[in-house]
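Q: Below are the chains, spelled out letter by letter.
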Amino acid sequence: MKTENQSLSRRHFLRLSSMSGVALTVGLYIPSLAKAKPIIITAETAENLGLELTAWVSIDKNGKVTIFNHRSEMGQGSFQAVPQMIAEELEVNLDEVNILFAPGAQGKYGPQITGGSSTVRGGYKQLLRTGATAREMLIQAAAKKWGVPGTECYAENGVVIHRPSGRRLGYGELVEEAAKLDPPKSVKLKNRINYKLIGKPLPRQDTKFKTNGEAIFGQDKKIPGMLYAVVERCPRIKGKVNSFDDTATKSISGVKQVFKIERDVFDAKQEGVAVVATSLWGAMQGRKALKVVWDDDGFEHVSTSLLYDRMRTDLSKPGLSVKTAGNFDGTFNAADKKIEAVYETPYQSHSCMEPLNCIAHFHGNKLEIWGPIQGPDWVQSDVGKKMGLKPEDVTVNMTFLGGGFGRKAFLDYPHEAAVISKMIGAPVQVVWTREDDMTQGPFRPGAVYGCKAGLSKDGDLQAFQTKMAAQDMDHQSGGDNSNYNPSTVEGFLKPYFESIPHYSFADIPTVSPIPVMWWRSVYASTNGFAYESFMDELALAAAKDPLDFRRGLLQEDRYQNLIDTLEQITGWKSRSKNSGWGVAITECFGSIVGEVVQVSKGTDGKIKIDKVTAVIDCGWYVNPDTIRQQVEGCIIMAIGAATIHETHFEDGKAVEKNFDTYKMPRITDIPEIEVHIVENEEKPGGVGEPALPPLAPALCNAIFDLTQKRIRKLPFNLNEIGS
Amino acid sequence: MPLYNLQVNGKNYSVDADTKMPLLWAIREQVGLTGTKYGCGIAQCRACTVHLNGNPVQSCSIPVSAAVGQKITTIEGLSENNSHPIQKAWIAEQVPQCGYCQSGMIMTASALLKRNPNPSDKDIDLAMQGHICRCGTYPRIRKAIKTASKMTEKV
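Here the protein sequences line up with chains C and H, keeping their order.
The first sequence runs 1 to 723 under this note's numbering.
The second sequence runs 1 to 155 under this note's numbering.
One chain only, chain C, in its complex shape (with noise of 0.2 Å):
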């Protein structure tokens, strides 16, 4: 374990390289590198020992290739899926390649902000194109060493090929000349049915790391001389240092500074007092023993009550517009039937496994980060205007994040960090407890949701209107109020706004001083479980199945081919009345999913999940058993989400600060998964998050379809309402 933490000199890396193969890697964590010890190499070991093609891919002189990976790997399978695809097009076999973390590096990868299930969906043809430009260029190299047409020549398993002699030339003796070659302007890319990776459910890369312990996280790194801090957080959200006393706390041993630090959330200062130490415990204990008195005068303590009261007052407000077709308030008031319904739904937590932690080194005007980061280049760009930094003279190394799920995309951790490195001269790792962690937020924002629709007397949907009065990203706290936000319509379905003729979309920010933030699948699932719950009350009303009424509005072939599918795999139409079935179908991230749920009364009167069916359509797509790992940890994570967990706020503070009562879904909770994957040529869509959205309407139309009694806000205690 000690090699982990070592800079390695010249001599060192030629011999690791002559034993391991590997070459040209530069400032970055490799997990698998001399009998998988995990090792840092700098820049300057790695200086022409060499031969870089393009920024994802590098091949040494013995044919060994490293590919790159620019996005964070969460959970969600970045760290498999850039590969799979490179690996494609360069012709050479996944397991004989070396993955790496890509540093932040503005320019040179794109985007690396790993956020809304993007890493596929945004860069396919980039990260294919780069393995294809590799390829061509080593055919380019052999075809000129052997004097013959590049044509007469093809690549495979790493090795170049002359076809008319059988000649061969492994792609390490081809590296040099390749590279002195200029990258084709244009490049042929594959046919999907000749991919041999492409589409496979290969197994991830990254798996062998996460069962043995050596993944390294962000909480196992460690640098040279590293000090660790921990912060003593007002725990009333706005809350501010009147003072402290740190005698008890500079008496415990290993505590080296105690002082008042400020955490930017977006136009607040959030203060504390940050104790650092030569070890994670001596300052932990530090601070257990420091007393500050907070200072919580001039802002608003507000509790859950008082803001899903405001909230619901708000709703009869008219709000912002956000989009419009026709008349909605003429034909709702001529409409035969009228239906209207309030849906609600948490605050919630992200509280990832392993708490949010960042390592800073503040030294000669130059910051180096390494840390569980979702987006590597905001850190570089934003947390480096904030220090008075250029982003390129901001380094962000990056390890495996246990969990983001959009948490880890925001910078007030690697922020702090960076000021507290600042402030004590030296490379320190802050770590935030558990109770930070969950008290602190940002939180996924609650929302009230206002629905109306008018119905011609045939059951035909002619009217729909939904306000969202709720606290949300584009409306922090004395942030600019005035203008719409634009995912109120988000999780709606395309075609819903061609065959409903009209229609009214409004936003009611909620004026709060709660941070709120991205959380896994984002407005896709709050809106979604209104506007999916509202369509199976509309469907009642309608007298129509459930599928039947939404198949008669979404008129295209995709969203036709998904209900039939749904229909047919479930059993759909042989199920008897009543008996606890639900559906939903929700659009995120460019993929479209629906979930049929199942449910069932116990003897003892509770609801118990039996089964959910989930059926998918992304689009183009890399590896399908990581599209069922991430459909299924969805599910499981909306099943928390919708029936366990809420955080609440009384007097400004959050109240639930641990699992004891943020409780979590468990083993026993899980019901039976089948997922389906629908197959066709569409644009890849993203996969990490898609999939959460229609569980919490489903599940409700389930228990409304067995019991008759209609949810309308989350979370639910699924003991509760079976009686």
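If you are wondering where the hints come from, they were derived from the structure by calculation, not from laboratory data.
Just so you know, not all the hints are guaranteed correct.
Straight-line distance between alpha carbons at most 20 Å, and here's what the computed PhoX-like set of lysine-lysine pairs gives [what the hints assert, rightly or not]:
#, chain 1, residue 1, chain 2, residue 2
1, C, K606, H, K71
2, H, K88, H, K71
3, C, K250, H, K20
4, C, K608, H, K122
On the provided structure of chain C, position chain H as indicated by the hints.
A: This is chain H only, laid out in the frame that chain C set:
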């Protein structure tokens, strides 16, 4: 601060700790093995699970003094090269996503299998329900424990 002698993965370590220090921090900070994770500090998530004389315990809630003279096994000491049947099954079933909770899961699952080579669904529920996985790997955990059980039968 007192010195404690700990036996971790068959090796002896001298640990300089105050009496309150949980075993978790002694393992992570002083022994230097980081496969054992901090998740909650109050024995609610079990990411910190290690074996004490072969039994799974939450290292975040056991003082280091209580582990003296006992055989401590961490994820790093479970096997060489991922060769324990539970680790092999975890790879075969592609269990981990983010992976942060998996060391704890694997330590509990391996202890279960030793005690009960052919666990039923109910046995798996009882053993594993103390653990939290935020990525939702539970269905694969159940499957992998059964796969490991079959592997062990064959041996």
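Q: Against this structure, judge whether each hint is valid.
A: Status of the hints after comparison with the structure:
Distance check on the hinted pair: K606/C and K71/H sit about 44 Å apart at the alpha-carbon level, beyond 20 Å; violated. Distance check on the hinted pair: K88/H and K71/H sit about 24 Å apart at the alpha-carbon level, beyond 20 Å; violated. Between K250/C and K20/H the alpha-carbon distance is near 18 Å, which keeps this suggested pair within the 20 Å criterion. For the hint linking K608/C to K122/H, the alpha-carbon distance of about 16 Å falls within 20 Å, and the restraint holds.
In terms of the numbered hints stated before, the structure departs from hints 1, 2, listed from lowest to highest.
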